[in-house]
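**Student:** Chain by chain, the residues:
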Amino acid sequence: MSFDIDVCRRMGPDAEVALRFASGAGLTALFGPSGAGKTSLLSMVAGLLRPDAGHIRVAGETVFDAAAGIDVPTARRFAGYVFQDARLFPHLRVRANLRYGMRRATEQTMTLDEMAAFLGIAPLLDRWPRSLSGGEAQRVAIGRALLSGPRFLLMDEPLAALDHARRGEVMGLIERVRDELGLPILYVSHDRGEVDRLAATVVEMR
Amino acid sequence: MLLSPDEWQIVGLSLKVSGVAVALTLPVAFGLAYLLARGKFPGKILLDALVYLPLVLPPVVTGWLLLIGFGLRGPIGSRVHDWFGLTLIFRWTGAALAAGIMALPLMVRAMRLSIEAVDRRIEGAARTLGASDWRVFWTITVPLALPGILAGIVLGFARSIGEFGATITFVSNIPGETQTLPIAIYAALQVPGSDAIVTRLALISVVLSLGALIVSELLARRAGVGRGGHVL
Chain P
1 MSFDIDVCRR MGPDAEVALR FASGAGLTAL FGPSGAGKTS LLSMVAGLLR PDAGHIRVAG
61 ETVFDAAAGI DVPTARRFAG YVFQDARLFP HLRVRANLRY GMRRATEQTM TLDEMAAFLG
121 IAPLLDRWPR SLSGGEAQRV AIGRALLSGP RFLLMDEPLA ALDHARRGEV MGLIERVRDE
181 LGLPILYVSH DRGEVDRLAA TVVEMR
Chain A
1001 MLLSPDEWQI VGLSLKVSGV AVALTLPVAF GLAYLLARGK FPGKILLDAL VYLPLVLPPV
1061 VTGWLLLIGF GLRGPIGSRV HDWFGLTLIF RWTGAALAAG IMALPLMVRA MRLSIEAVDR
1121 RIEGAARTLG ASDWRVFWTI TVPLALPGIL AGIVLGFARS IGEFGATITF VSNIPGETQT
1181 LPIAIYAALQ VPGSDAIVTR LALISVVLSL GALIVSELLA RRAGVGRGGH VL
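Note that the protein sequences, when read in sequence, are chains P and A.
Note that this note's numbering numbers the first sequence so that position 191 is 191, with each residue one more than the last.
Numbers in this note's numbering are just positions in the second sequence, counted from 1, shifted up by 1000.
Note that these hints are calculated values from the structure, not bench results.
We put the CB at the ideal spot given by N, CA and C, even for glycine.
Some hints here could point you the wrong way.
[What the hints assert, rightly or not] Here are the simulated lysine to aspartate or glutamate pairs, DMTMM-like style, with alpha carbons at most 25 angstroms apart:
#, chain 1, residue 1, chain 2, residue 2
1, A, K1016, A, E1217
2, A, K1040, P, D85
3, A, K1044, A, E1116
4, A, K1040, P, D71
5, A, K1044, A, D1119
6, A, K1040, A, E1123
[Claimed, not checked] From chain P, some residues computed to sit far from chain A (all C-beta separations above 12 angstroms):
#, residue
7, M11
8, R20
9, G26
10, G47
11, L48
12, T62
13, A75
14, A79
15, D85
16, A86
17, L88
18, R103
19, P150
20, R166
21, E180
22, V202
Using the sequences and the hints, build the whole thing.
**Tutor:** Written out as structure tokens, the structure reads:
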């Protein structure tokens, strides 16, 4: 089982995120309108946000269980989190961004240069993040997450910031990551077409 | 070059006092700035007010408080003397203490603003990549706050170079020991017919302050490569 999640968390006086699902191998899509709490849920799986109750298990490992008092720190959850806004480190060049998480990786499936070639970002390695286009930044962000030796991937609308032409390109890339690396992926989107094309399991949030 | 030995002595002393003051205040100021920017604890308002107190208090009052606290028979001064053999009153070390305390609020303020401006989500991204709190602090928080840290150092240095009231109250005016630039200018003004000396010392002050600003701007440009940073 890839993701086994049952969490709830108050997000304010009259808002709550509560979701329960279990999914199999491949890509699991979280689908729903803006404000449904999709990003909050990813943050909880990554350990950036603490649920009030419930449990989170990924690939058979419990990373959070309120009843059992388990709360694995973010740094040791081995999540490869691709944020909606890429969230690259602005003070580091592309190469240093890619290298940042590599010291955690216990075994490296790809070297930095192989990853750069895989993602088509080899010419960008000496650039600063602020000089990148949205699509370039997003591909660097995917590379940075993959090089950190993740046990699963969290992708938060990685296509949202991209124009139409770049979308197809990055989507193809995500399909390759899904098929060639075989990692569980939790993928947030509000686009039906994207979800239909990529996902093995679809979880609807409202 | 163009300076007389006496002038060199005054400039050298001023730089020594200000340099030591800023170097010793820096870790304290950064710690306080971090605490005030990120911390949530009871009494935060009080700490906030205490840190800024030297900024609003008449400097002569700060000097008098130093005199009471750090004099040879003062509660802190006597212990510092017994334990470390360090005398502060009427010494350049005391001038550095006075300058450091007067510089503290400005340094804390500049650093606090830049720490508050650091995007916490960037730190979260570093955590998901396996970085410990310690590594996040040194590789993300500090570099992103660097322009403000440099600004704090420059402001603190400028404030120390110009420090007068608290210094003369606490350590008096002793040539070669506590007579920094502003105090030397003040002393020269008391002597009739010393216009030339005053003019020269005032010009030196302008050159020193301007130099500090230019050096800091150059440092900020190097530190801010790729993201555009200014110190002031």
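**Student:** To test your reading of the hints: which numbers does this structure violate?
**Tutor:** 2, 10, 11, 13, 14, 15, 16, 17, 18 and 19
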